[in-house]
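Engineer: Sequence:
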Amino acid sequence: MICWINGEQRNNISVEDRAVQFGDGCFTTIRVVGHQPALLSHHIYRLQKGVKRLLLPTPDWQKLTADINKMAQLNKKDLAVIKIIISRGEGGRGYSIAGFNKATVIISLTDYPAIYLNQQQTGIDLTLSTIPVNNNPYLAGIKHLNRLEQILIKQQIELLNVDEAIVTDTNGILIGCCAANIFLRKGKQIYTPNLDHAGVEGVMRKQVIACLSDTDYELFYISDYPNILAHSDEVIITNALMPILSVNRILTQPKQPVWHYYSRELFNFLLPYCLRLN
Numbered sequence: 001m002i003c004w005i006n007g008e009q010r011n012n013i014s015v016e017d018r019a020v021q022f023g024d025g026c027f028t029t030i031r032v033v034g035h036q037p038a039l040l041s042h043h044i045y046r047l048q049k050g051v052k053r054l055l056l057p058t059p060d061w062q063k064l065t066a067d068i069n070k071m072a073q074l075n076k077k078d079l080a081v082i083k084i085i086i087s088r089g090e091g092g093r094g095y096s097i098a099g100f101n102k103a104t105v106i107i108s109l110t111d112y113p114a115i116y117l118n119q120q121q122t123g124i125d126l127t128l129s130t131i132p133v134n135n136n137p138y139l140a141g142i143k144h145l146n147r148l149e150q151i152l153i154k155q156q157i158e159l160l161n162v163d164e165a166i167v168t169d170t171n172g173i174l175i176g177c178c179a180a181n182i183f184l185r186k187g188k189q190i191y192t193p194n195l196d197h198a199g200v201e202g203v204m205r206k207q208v209i210a211c212l213s214d215t216d217y218e219l220f221y222i223s224d225y226p227n228i229l230a231h232s233d234e235v236i237i238t239n240a241l242m243p244i245l246s247v248n249r250i251l252t253q254p255k256q257p258v259w260h261y262y263s264r265e266l267f268n269f270l271l272p273y274c275l276r277l278n
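Its first residue numbered 1, the sequence shown is counted upward by one per residue in the UniProt record's numbering.
Please keep in mind that the hints were generated in silico from the structure rather than gathered at the bench. In this text the structure is predicted, and so the values were computed from the model without any measurement. Every residue gets a Cβ at the ideal spot worked out from N, C-alpha and C, and that includes glycine. Don't take each hint at face value.
What the hints assert, rightly or not - Once the Cα atoms are required to be at most 35 Å apart in a straight line, the calculated DSBU-like pairs of lysine-lysine come out as:
1) Lys154 to Lys83
2) Lys188 to Lys102
3) Lys188 to Lys77
4) Lys49 to Lys83
5) Lys188 to Lys63
6) Lys154 to Lys206
7) Lys49 to Lys188
8) Lys154 to Lys102
9) Lys76 to Lys49
10) Lys188 to Lys76
11) Lys186 to Lys77
12) Lys83 to Lys206
13) Lys83 to Lys63
14) Lys102 to Lys70
15) Lys143 to Lys154
Unchecked claim - Computed spacing ranges between beta-carbons, pair by pair:
16) Val20 to Gly187: 31 to 41 Å
17) Val15 to Ile228: 29 to 39 Å
18) Ser96 to Asn11: 42 to 52 Å
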């Protein structure tokens, strides 16, 4: 791993940093193809949205963009991952944000999870998570640093030996997956959860929505229960790294299939768009 913190090559931050003390910040992860960070402008926009919502000190966006591109030039493999974390910075005690005017900006370059390449070919299995995510419209959509819910859900995924998990909010409404957004297809109608109260508005979700706007498919935003999955012809999940995977089946218990999906119509249509770099 290569890591820069506020422009310096090092891999540690102060214990007084708000990212350590409170998870006070936001982040994004970028798929790097060769030396090019994919969908970089979308990632910067998402970070800007998070910084504004959380009232974080505003970094130099032009410098951050340039630094991300410089970091991408250090990649020596076909694919890699760049992660950007923006923390409120160091100092103070308690929850007050008074006096913080310099963000901590962390940029790291790591290996790409090769499992995604295999899963694009084979498809994946999901489970229904019993761990909900909280409703909070003020935090909904942004990728803040508080990911304890996802950590617990990931543990459940690993215990059940599946690839991902369907996640609901505290009212039982479908939100997406542990680390991905979800789309359901029934004929030419596409459904994706409304994320006004919970969940993360992924960069690839935005890309898919833009791609569908000029097609014969009709997109609907829903607030529904996971049972809607039973009536779908096809289910796909997306995030910036995958960037798109097809779901084979959903399980409620280990090795017990609940719903099967055999079509890859939407997956095959969207894959070229999702692999675009701009």
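Engineer: Compare the structure with each hint and give your call.
Structural biologist: To see whether the hints hold, each was checked on the structure:
no.: 1; hint: Lys154 to Lys83; result: holds (19 Å)
no.: 2; hint: Lys188 to Lys102; result: violated (48 Å)
no.: 3; hint: Lys188 to Lys77; result: violated (38 Å)
no.: 4; hint: Lys49 to Lys83; result: holds (17 Å)
no.: 5; hint: Lys188 to Lys63; result: violated (43 Å)
no.: 6; hint: Lys154 to Lys206; result: holds (24 Å)
no.: 7; hint: Lys49 to Lys188; result: holds (32 Å)
no.: 8; hint: Lys154 to Lys102; result: holds (33 Å)
no.: 9; hint: Lys76 to Lys49; result: holds (31 Å)
no.: 10; hint: Lys188 to Lys76; result: violated (41 Å)
no.: 11; hint: Lys186 to Lys77; result: violated (39 Å)
no.: 12; hint: Lys83 to Lys206; result: holds (19 Å)
no.: 13; hint: Lys83 to Lys63; result: holds (16 Å)
no.: 14; hint: Lys102 to Lys70; result: holds (22 Å)
no.: 15; hint: Lys143 to Lys154; result: holds (17 Å)
no.: 16; hint: Val20 to Gly187: 31 to 41 Å; result: violated (49 Å)
no.: 17; hint: Val15 to Ile228: 29 to 39 Å; result: violated (45 Å)
no.: 18; hint: Ser96 to Asn11: 42 to 52 Å; result: violated (29 Å)
Of the numbered hints listed earlier, those contradicted by the structure are 2, 3, 5, 10, 11, 16, 17, 18.
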